[in-house]
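Make the full structure from the sequences, and use the hints.
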Amino acid sequence: DAMVIQNPRYQVTQFGKPVTLSCSQTLNHNVMYWYQQKSSQAPKLLFHYYDKDFNNEADTPDNFQSRRPNTSFCFLDIRSPGLGDAAMYLCATSPRLQETQYFGPGTRLLVL
Amino acid sequence: TQLLEQSPQFLSIQEGENLTVYCNSSSVFSSLQWYRQEPGEGPVLLVTVVTGGEVKKLKRLTFQFGDARKDSSLHITAAQPGDTGLYLCAGDGSQGNLIFGKGTKLSVKP
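Sequence order for the protein chains is S and Z. Going by this note's numbering, the first residue of the first sequence is number 1, and it counts up by one from there. Going by this note's numbering, the first residue of the second sequence is number 1, and it counts up by one from there.
One thing to keep in mind: the hints can contain errors.
Stated by the list, open to error - 30 Å max Cα-Cα, derived DSSO-like pairs, lysine-lysine:
1. K70/Z with K17/S
2. K57/Z with K44/S
3. K70/Z with K44/S
4. K52/S with K57/Z
5. K105/Z with K44/S
6. K109/Z with K52/S
To be verified - With the C-beta cut set under 10 Å, the calculated list includes, among others, these residues of chain Z facing chain S:
7. Y22
8. Q33
9. G40
10. V44
11. L45
12. T48
13. L88
14. G93
15. Q95
16. L98
17. K105
18. S107
As the list claims (entries may be wrong) - Beyond 10 Å from chain S on every Cβ pair, some chain Z residues (computed):
19. L11
20. E41
21. G52
22. T62
23. K70
24. Q80
Hints in this document: simulated from the structure, not taken from any laboratory. Note that this is a predicted model, so its numbers are computed, not measured. Every residue gets a Cβ at the ideal spot worked out from N, C-alpha and C, and that includes glycine.
Following this line, the structure appears as C-alpha cells:
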C-alpha cells in the first residue's frame, strides 16, 4: 500500500545531542512537510519541500533543519535539542500545494 | 490571518449518544479536511469537502461544508468508544500550507 513511513517511532536523545528523524513516502507526492505537535495541540508546520524547493516557516527555530535528497525521503535534523523540543514530529505529503495532506504515524521525541 | 476555531475543545459522552463538532472561520477556504488522531499516532484523513453546502457521509459520520465555505461541522451518530480521539479540521492556507484548528478531544465512554 502507498504510504508515509516514519522512523523511528520513538526516539530518545540527550540535551544538546544532534538527532535526525526520517520520513519516506511511496505516494510519489511532490510536497513533503514536517510538523511539530505538542500534547493536545494542533500540529505546527515547521517547513515544507516542494520538489527540491525548501520553504521555512518564519517562526521555525534555526535549530531545526531539513534535507530532501530525493522525492521519496525527507529528514528532520535537530542540531541541539532542548527540553522544549520534546514532541511528536509528523511528516506529511501532498501531490501539490493546497491539496489534501497525508500524514505518517509520527516520531515521538524525548529529550533527557 | 486565517484562523480556524473548533468547538467544543473537549467532549466526553456515553456510548450511543450523538454529537456535533464545529469548525468556524471568518475566512473563505477552497477546501476543508477533517482528520482523526489517536494518541501516539499521526492524523488520519476522514474527508475533504470542497463545495459550499456539500454534505458527505462516512458510515455514522456526517460532514457538512457551509454555503459560504467558512465553516464546517462533523456530526457523529450513536458514538462508539472507537470514535475516541482528537478531531482536527484543516483548511488550505493562502501560503500553500494547511491551517489547523486546535482540535476537539472526544472521549466516548462505554
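Right, here's what the structure says about each hint:
no., hint, result
1, K70/Z with K17/S, "violated, 44 Å"
2, K57/Z with K44/S, "holds, 28 Å"
3, K70/Z with K44/S, "holds, 21 Å"
4, K52/S with K57/Z, "violated, 37 Å"
5, K105/Z with K44/S, "holds, 17 Å"
6, K109/Z with K52/S, "violated, 46 Å"
7, Y22, "violated, 15 Å"
8, Q33, "holds, 6 Å"
9, G40, "holds, 7 Å"
10, V44, "holds, 7 Å"
11, L45, "holds, 6 Å"
12, T48, "holds, 5 Å"
13, L88, "holds, 6 Å"
14, G93, "holds, 8 Å"
15, Q95, "holds, 8 Å"
16, L98, "holds, 6 Å"
17, K105, "holds, 6 Å"
18, S107, "violated, 12 Å"
19, L11, "holds, 13 Å"
20, E41, "violated, 5 Å"
21, G52, "holds, 17 Å"
22, T62, "holds, 19 Å"
23, K70, "holds, 17 Å"
24, Q80, "holds, 22 Å"
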